[in-house]
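What follows is each chain in one-letter form.
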Amino acid sequence: MKFLGFAFRTFRRDLRAGELSILVAAIVVAVTAMTAVGFFTDRVAGAMKAQASQVLAADLVLRSAGPLSPGYLVEARGLGLEIAETLAFPTVVVAGEQTTLAAIDAVSAGYPLRGELRVADTLFGNGRPATGIPGRGEAWAEPGLLGRLGLDVGASVTVGERTLRVTRVLQYKPDQNIGFVNLAPGLMVNLEDVPGFGVVKPGSRVTYNQMFAGEEARIAEFRRSITPRLRPDEALRGREDAGEQINAAIDRAQRFLTLASLVTVILAAVATGMAARRYALRHLDNVALLKTLGATQGFVIAVTVTELALVIAMTAALGVLLGYGAQYGLAFIAAEFVGFVLPPASGQPFLLGVLTAATIVMGFALPHLLSVGTTPPLRVLRRDLPPPQLGAAVTYGVALAAIGALVLVIVRDPLLLGLIAGGVVALALVATGLGWLLVRSLARFRGAAGIAWRYGLANIARRGGESVVQVVAFGLSLMVLLLLGVVRNDILRTWEQTLPANAPNQFMINIEPDQLAGLKQFFQDEVGQEPFSLPLIRGRLTGVNGTPVKDFTVANAQGATFLQREANLTWMGALPESNQVTAGTWWGEDYAGPLQLSLDAELATNLGVTVGDTLTFNVAGEDIEAPVTSLRTIEWDSFQPNFFVVLSPGLAADLPQTYLASVYVPRDRVEILSTLVRQFPGVTVLDLEVILSQVREVIDKASMAVQYVFLFTLLAGVVVLLAAIQLTRDERRFESAILHTLGAARRKILQGVAIEFLTLGSLAGVLAAVGATILGWGLATYAFKLDYTVSALLWPLGLVAGALIVGIAGTLATRKAVNEPPVAVLRDR
Amino acid sequence: MLRATGLSKQVSSPEGTLTILDDVSLEIARGESVALVGPSGAGKTTLLAILAGLDQPTRGRVWLCGEELTGLDEDGRALLRARRVGFVFQSFHLVQSLTALENVMLPLELAGEPRAAALARETLANVGLGSRTGHYPKQLSGGEQQRVAIARAFVLRPEVLFADEPTGNLDSATGERIGRLLFDLNAEARTTLVLVTHERSLAARCDRTIRIEAGRVATGEPAAAVAG
Numbered sequence: 001m002k003f004l005g006f007a008f009r010t011f012r013r014d015l016r017a018g019e020l021s022i023l024v025a026a027i028v029v030a031v032t033a034m035t036a037v038g039f040f041t042d043r044v045a046g047a048m049k050a051q052a053s054q055v056l057a058a059d060l061v062l063r064s065a066g067p068l069s070p071g072y073l074v075e076a077r078g079l080g081l082e083i084a085e086t087l088a089f090p091t092v093v094v095a096g097e098q099t100t101l102a103a104i105d106a107v108s109a110g111y112p113l114r115g116e117l118r119v120a121d122t123l124f125g126n127g128r129p130a131t132g133i134p135g136r137g138e139a140w141a142e143p144g145l146l147g148r149l150g151l152d153v154g155a156s157v158t159v160g161e162r163t164l165r166v167t168r169v170l171q172y173k174p175d176q177n178i179g180f181v182n183l184a185p186g187l188m189v190n191l192e193d194v195p196g197f198g199v200v201k202p203g204s205r206v207t208y209n210q211m212f213a214g215e216e217a218r219i220a221e222f223r224r225s226i227t228p229r230l231r232p233d234e235a236l237r238g239r240e241d242a243g244e245q246i247n248a249a250i251d252r253a254q255r256f257l258t259l260a261s262l263v264t265v266i267l268a269a270v271a272t273g274m275a276a277r278r279y280a281l282r283h284l285d286n287v288a289l290l291k292t293l294g295a296t297q298g299f300v301i302a303v304t305v306t307e308l309a310l311v312i313a314m315t316a317a318l319g320v321l322l323g324y325g326a327q328y329g330l331a332f333i334a335a336e337f338v339g340f341v342l343p344p345a346s347g348q349p350f351l352l353g354v355l356t357a358a359t360i361v362m363g364f365a366l367p368h369l370l371s372v373g374t375t376p377p378l379r380v381l382r383r384d385l386p387p388p389q390l391g392a393a394v395t396y397g398v399a400l401a402a403i404g405a406l407v408l409v410i411v412r413d414p415l416l417l418g419l420i421a422g423g424v425v426a427l428a429l430v431a432t433g434l435g436w437l438l439v440r441s442l443a444r445f446r447g448a449a450g451i452a453w454r455y456g457l458a459n460i461a462r463r464g465g466e467s468v469v470q471v472v473a474f475g476l477s478l479m480v481l482l483l484l485g486v487v488r489n490d491i492l493r494t495w496e497q498t499l500p501a502n503a504p505n506q507f508m509i510n511i512e513p514d515q516l517a518g519l520k521q522f523f524q525d526e527v528g529q530e531p532f533s534l535p536l537i538r539g540r541l542t543g544v545n546g547t548p549v550k551d552f553t554v555a556n557a558q559g560a561t562f563l564q565r566e567a568n569l570t571w572m573g574a575l576p577e578s579n580q581v582t583a584g585t586w587w588g589e590d591y592a593g594p595l596q597l598s599l600d601a602e603l604a605t606n607l608g609v610t611v612g613d614t615l616t617f618n619v620a621g622e623d624i625e626a627p628v629t630s631l632r633t634i635e636w637d638s639f640q641p642n643f644f645v646v647l648s649p650g651l652a653a654d655l656p657q658t659y660l661a662s663v664y665v666p667r668d669r670v671e672i673l674s675t676l677v678r679q680f681p682g683v684t685v686l687d688l689e690v691i692l693s694q695v696r697e698v699i700d701k702a703s704m705a706v707q708y709v710f711l712f713t714l715l716a717g718v719v720v721l722l723a724a725i726q727l728t729r730d731e732r733r734f735e736s737a738i739l740h741t742l743g744a745a746r747r748k749i750l751q752g753v754a755i756e757f758l759t760l761g762s763l764a765g766v767l768a769a770v771g772a773t774i775l776g777w778g779l780a781t782y783a784f785k786l787d788y789t790v791s792a793l794l795w796p797l798g799l800v801a802g803a804l805i806v807g808i809a810g811t812l813a814t815r816k817a818v819n820e821p822p823v824a825v826l827r828d829r
Numbered sequence: 001m002l003r004a005t006g007l008s009k010q011v012s013s014p015e016g017t018l019t020i021l022d023d024v025s026l027e028i029a030r031g032e033s034v035a036l037v038g039p040s041g042a043g044k045t046t047l048l049a050i051l052a053g054l055d056q057p058t059r060g061r062v063w064l065c066g067e068e069l070t071g072l073d074e075d076g077r078a079l080l081r082a083r084r085v086g087f088v089f090q091s092f093h094l095v096q097s098l099t100a101l102e103n104v105m106l107p108l109e110l111a112g113e114p115r116a117a118a119l120a121r122e123t124l125a126n127v128g129l130g131s132r133t134g135h136y137p138k139q140l141s142g143g144e145q146q147r148v149a150i151a152r153a154f155v156l157r158p159e160v161l162f163a164d165e166p167t168g169n170l171d172s173a174t175g176e177r178i179g180r181l182l183f184d185l186n187a188e189a190r191t192t193l194v195l196v197t198h199e200r201s202l203a204a205r206c207d208r209t210i211r212i213e214a215g216r217v218a219t220g221e222p223a224a225a226v227a228g
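For the record, the sequence lines run as chains B and H. When you line the first sequence up against my numbering, it's residues 1 to 829, in that order. When you line the second sequence up against my numbering, it's residues 1 to 228, in that order.
Treat the hints with care, as some may be off.
[Stated by the list, open to error] Which bits of chain B does chain H cover? Going by a derived footprint, with three or more residues having C-beta under 8 Å, they are:
{"id": "1", "stretch": "4-11"}
{"id": "2", "stretch": "283-294"}
[Claimed, not checked] Computed list of lysine to any residue pairs in SDA-like fashion (alpha-carbon distance at most 25 Å, straight line):
{"id": "3", "chain 1": "B", "residue 1": "Lys2", "chain 2": "H", "residue 2": "Leu140"}
{"id": "4", "chain 1": "H", "residue 1": "Lys138", "chain 2": "H", "residue 2": "Glu122"}
{"id": "5", "chain 1": "B", "residue 1": "Lys550", "chain 2": "B", "residue 2": "Asn618"}
{"id": "6", "chain 1": "H", "residue 1": "Lys138", "chain 2": "B", "residue 2": "Asn618"}
{"id": "7", "chain 1": "H", "residue 1": "Lys138", "chain 2": "B", "residue 2": "Leu281"}
{"id": "8", "chain 1": "B", "residue 1": "Lys550", "chain 2": "B", "residue 2": "Ala130"}
{"id": "9", "chain 1": "H", "residue 1": "Lys138", "chain 2": "B", "residue 2": "Arg746"}
{"id": "10", "chain 1": "B", "residue 1": "Lys816", "chain 2": "H", "residue 2": "Leu140"}
{"id": "11", "chain 1": "H", "residue 1": "Lys138", "chain 2": "B", "residue 2": "Val823"}
{"id": "12", "chain 1": "B", "residue 1": "Lys816", "chain 2": "H", "residue 2": "Gln96"}
{"id": "13", "chain 1": "B", "residue 1": "Lys701", "chain 2": "B", "residue 2": "Gly198"}
{"id": "14", "chain 1": "H", "residue 1": "Lys138", "chain 2": "B", "residue 2": "Arg12"}
[Claimed, not checked] In silico negatives: residues of chain B with every beta carbon more than 10 Å from chain H:
{"id": "15", "residue": "Tyr72"}
{"id": "16", "residue": "Pro377"}
{"id": "17", "residue": "Leu378"}
{"id": "18", "residue": "Leu381"}
{"id": "19", "residue": "Arg382"}
{"id": "20", "residue": "Ala443"}
{"id": "21", "residue": "Asp525"}
{"id": "22", "residue": "Asn556"}
{"id": "23", "residue": "Glu566"}
{"id": "24", "residue": "Gln580"}
{"id": "25", "residue": "Thr614"}
{"id": "26", "residue": "Leu655"}
{"id": "27", "residue": "Pro796"}
{"id": "28", "residue": "Thr811"}
Calculated directly from the structure, the hints in this document are not laboratory data. For every residue, glycine included, the Cβ atom is placed at its ideal position computed from N, Cα and C.
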């Protein structure tokens, strides 16, 4: 085992001599990127899993859009289960002149059955576990609600017809929506106050919950007992169901961010390969010497492998440490939309770090270094012996296999691996082709101006292969940053500009039929405009051609989703402009005959039904049956309320229904909304601009997180550049020595170097801008159907960023080689 | 100590098969110092490489320290070299990333010697570099670098020392000093020395000179005769 000690000493000495710097830097960047994402998602997952048992605030929850039978509660109590009830609905809360949409949670004594509420006595006060629930006439408000209304504890808020006193700040409840932005901040009230609000009426958007907790066996027994008796609109959710959904969501986010950091890993691996190649070339003589001094082949290989194992250990340790630090950045960005405190990370990402380091080392460094082991000792006497050759098939084969294995570990899906591999190869080919064209195009400028230019451009052309690698490495990372930083904003802005200036910006729901006329008059008086309105009927599809839906096979998963929830139906006579009939016939404006249905064509495909089929909907406990007589395509971005399912007029007017309405209210008149809410309690107003700005914020945060991950890619690009420079260092030293000797001033040579790297960086910038423009245009045109105009900022930004980063890093890294005294360099030869 | 019989070395080249050594036989006794001399391209270095087990002959056999080198594989030859053979090269072959001390420690570490640092320091002092142990090759002059290489060659007290143009890269005054050092250490350790050189004065210090011409042994005579 004497090779162990020798390997340790060699490793220490190589580190000290800087022989491993680039190699180590490359792997550390890769491990940092991977583990930063790993630690972050691990913390989020940890938080979610810790809450999976309390995420329901109970062991079992029965949920419906309609009132639930109290019989279930009686039965549960009979089995010795704990019970509680909640009612959730959105409504507008008023405080003085301020109004805001709030998510009301009305809870009964006993809530929550699992987990606990955390409350504080002032807006930013210290939280503590709550005892009990809000008393009658009291409300506990989430910080966001108090912020929007400019209130603190002690203030009064009006919900419908009642005024409540805010007695606590509600910091946390176990069954809050986690991981997503709640469009409306919450207000928790006592269930017994709800009738007094006067806002919950038949047909209102309300979710009724009955909660149960107790011994596992009793819960199971209860579940078995009531399941067969559930109405179609009643759904049971247990702990396992909740956990599964959370896991799936985290899994997706984790895989996406990890794949993003994989781009960094690939670039870092390329840099590692370059650094390993140089290390190998430099160590041919040393290996020959060791063999002359009596080292066997086995010994040399054992030392190499041990040294690489030490490299893995060190880079994994360093990278994991840095990754742990870097995940704070992600956690900071995500803090708002994760919405709760993250627990410390587990040790699991450490394994990912080791795996990443090991993959890169084994795939990209090991082949080069092992080939050195075969150097014949005779090289000590015959320097001209060719270095051992490593076949391209081996080099690329091993590298691809290693990366492929890593991707497979991450995505755990061979098909996805194939798609990713195809995508990466296609992207690399296109980018390389483009990079090659750019590098080639420089030839014509060579004679343009002076020796420094000629020298700089000649260097790029001569190291064609490496130049292309650098342009591609930088170009790709810059491209992603441009896409997320510039193009995303352009697309959002373009979309916002397509909205007509007086498109409806206020949407109202839960309008009782008897309120409609008054509401219309209200807007006529206040803003001189009558709102557009449509009836809204809530119903659940329960049967197709007489077959209950549970025995009916839908065409695909989207169709299945439709079955799981209450659908919004409406009725109308005239076909809206934004709709077009593609099959069957529309009933016509004055139709008053038997009930008919018109479906969105896509929904019909998803469900697997067509014109002539009969559907049954359960509306407020009653079944209605009607034939599908037409299919429509819908322009969803028309900013008019649109419906998947439309009923024929006449008979449908007798079904339980509310109205929704939309109207444009100028920004300076929004204060009328507080009057509206007071005058029409129960009507819920949605301010489109508020919602849009929240959506925008979520997109900003999400893309910031992805950008953060891609900063590491840029860093990996720098390492690729440094590795490439290191590969050509000896050559550069020798050349500048010759140029010095021939009388070139040091400044001239440095100018040449600066020109070389500024040009390389500009090429990367061009590649990035071209890529971002094409992708942006493609996304805008095909995915969002928008006329996309390239931001004036995109090209200058790409060029300047590329030229500056590559120019500065490249020139700095090369300066030392250029500045060495020619005598020393020439003597070394 | 060292015996070779019927050594031939042929290599294929674009011009056909090239004979570098042609039926060379020789015997060198323990403690003897022998200079291999001859014009450039005569095959001296190839002969040295084969005698040291760095290269294999096309035909013929070599015995080193009583073991048949030509019967061993590359690892076997390496193990034989490990304890018994030292080398000094024209271009020094110091590891650039190691200090003078670490370069000298290298063969000791390979042999698993626990007192590597102390022994190396002592040997460096013997060659007059006791105060420069922490210097890197780049920071040493050519003569100093060769002295480090000599210290490295002698530190394990090898039975045979092979030197390939040890003064070839040095000016004549430094070369002279290095030559003296080499022979002083050799005399002290009673090492068998096989030396390839163009330097007449260096060859003259050897007990015997073997002249190689066109791959064959031209003469084998006491060095004094050549020098005289």
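Hint check:
Counting residues of the stretch 4-11 of chain B whose beta carbon lies closer than 8 Å to any beta carbon of chain H gives 3, which reaches the threshold of three, so the coverage claim holds. Counting residues of the stretch 283-294 of chain B whose C-beta sits closer than 8 Å to any C-beta of chain H gives 8, which meets the bar of three, so the coverage hint holds. For the suggested pair Lys2 (chain B) and Leu140 (chain H), the alpha carbons sit about 30 Å apart, so the restraint of at most 25 Å is broken. Distance check on the hinted pair: Lys138 (chain H) and Glu122 (chain H) sit about 22 Å apart at the alpha-carbon level, within 25 Å; holds.
Proposed proximity of Lys550 (chain B) and Asn618 (chain B) is supported: the alpha carbons are some 14 Å apart, at most 25 Å. With a C-alpha separation of about 89 Å, the suggested pairing of Lys138 (chain H) with Asn618 (chain B) is violated against the 25 Å cut-off. Pair hint Lys138 (chain H) plus Leu281 (chain B) holds up; C-alpha atoms about 19 Å apart against a cutoff of 25 Å. Between Lys550 (chain B) and Ala130 (chain B) the CA atoms are separated by roughly 42 Å; this puts the pair beyond 25 Å, and the hint is violated.
Between Lys138 (chain H) and Arg746 (chain B) the CA atoms are separated by roughly 23 Å; this keeps the pair inside 25 Å, and the hint holds. Annotation: proposed proximity of Lys816 (chain B) to Leu140 (chain H) holds, straight-line Cα distance about 21 Å (limit 25 Å). Straight-line distance between C-alpha atoms of Lys138 (chain H) and Val823 (chain B) comes to about 13 Å, which keeps the hinted pair within the 25 Å bound. A distance of roughly 18 Å separates the Cα atoms of Lys816 (chain B) and Gln96 (chain H); the hinted pair therefore holds under the 25 Å criterion.
For a cut-off of 25 Å, the pair hint linking Lys701 (chain B) to Gly198 (chain B) is broken: about 38 Å separates their Cα positions. Under the criterion of a C-alpha separation no larger than 25 Å, the hint pairing Lys138 (chain H) with Arg12 (chain B) is consistent with the structure, at around 19 Å. The beta carbon of Tyr72 (chain B) is kept farther than 10 Å from every beta carbon of chain H, the shortest such distance being approximately 78 Å. Residue-level check failed: Pro377 (chain B) sits 5 Å from the nearest beta carbon of chain H, not beyond 10 Å.
For Leu378 (chain B), the condition that its CB be more than 10 Å from all CB atoms of chain H is violated, with the nearest at approximately 5 Å. Separation of Leu381 (chain B) from chain H is inadequate, the least Cβ-Cβ distance of about 5 Å not exceeding the 10 Å criterion. With 10 Å as the threshold on Cβ separation, the claim that Arg382 (chain B) sits away from chain H is violated: the shortest Cβ distance comes to roughly 8 Å. Look at Ala443 (chain B): its CB is around 34 Å from the nearest CB on chain H, clear of 10 Å, so calling it non-interface holds up.
For Asp525 (chain B), the condition that its CB be more than 10 Å from all CB atoms of chain H holds, with the nearest at approximately 88 Å. With a minimum CB-CB distance of about 64 Å to chain H, Asn556 (chain B) clears the 10 Å threshold, and the non-interface call stands. For Glu566 (chain B), the condition that its CB be more than 10 Å from all CB atoms of chain H holds, with the nearest at approximately 73 Å. For Gln580 (chain B), the shortest C-beta to C-beta distance to chain H comes to about 76 Å, beyond the 10 Å cut-off, and the non-interface label holds.
Consistency note on Thr614 (chain B): stated as away from chain H, and its beta-carbon is indeed over 10 Å from all of that chain's, at 84 Å minimum. No Cβ of chain H comes within 10 Å of the Cβ of Leu655 (chain B); the nearest lies about 86 Å off, and the non-interface call holds. Interface exclusion of Pro796 (chain B) from chain H stands, the closest Cβ pair being 44 Å apart, more than 10 Å. Chain H leaves Thr811 (chain B) outside its interface by the beta-carbon criterion, the shortest separation being 25 Å against a cut-off of 10 Å.
The structure shown violates the earlier hints numbered 3, 6, 8, 13, 16, 17, 18 and 19.
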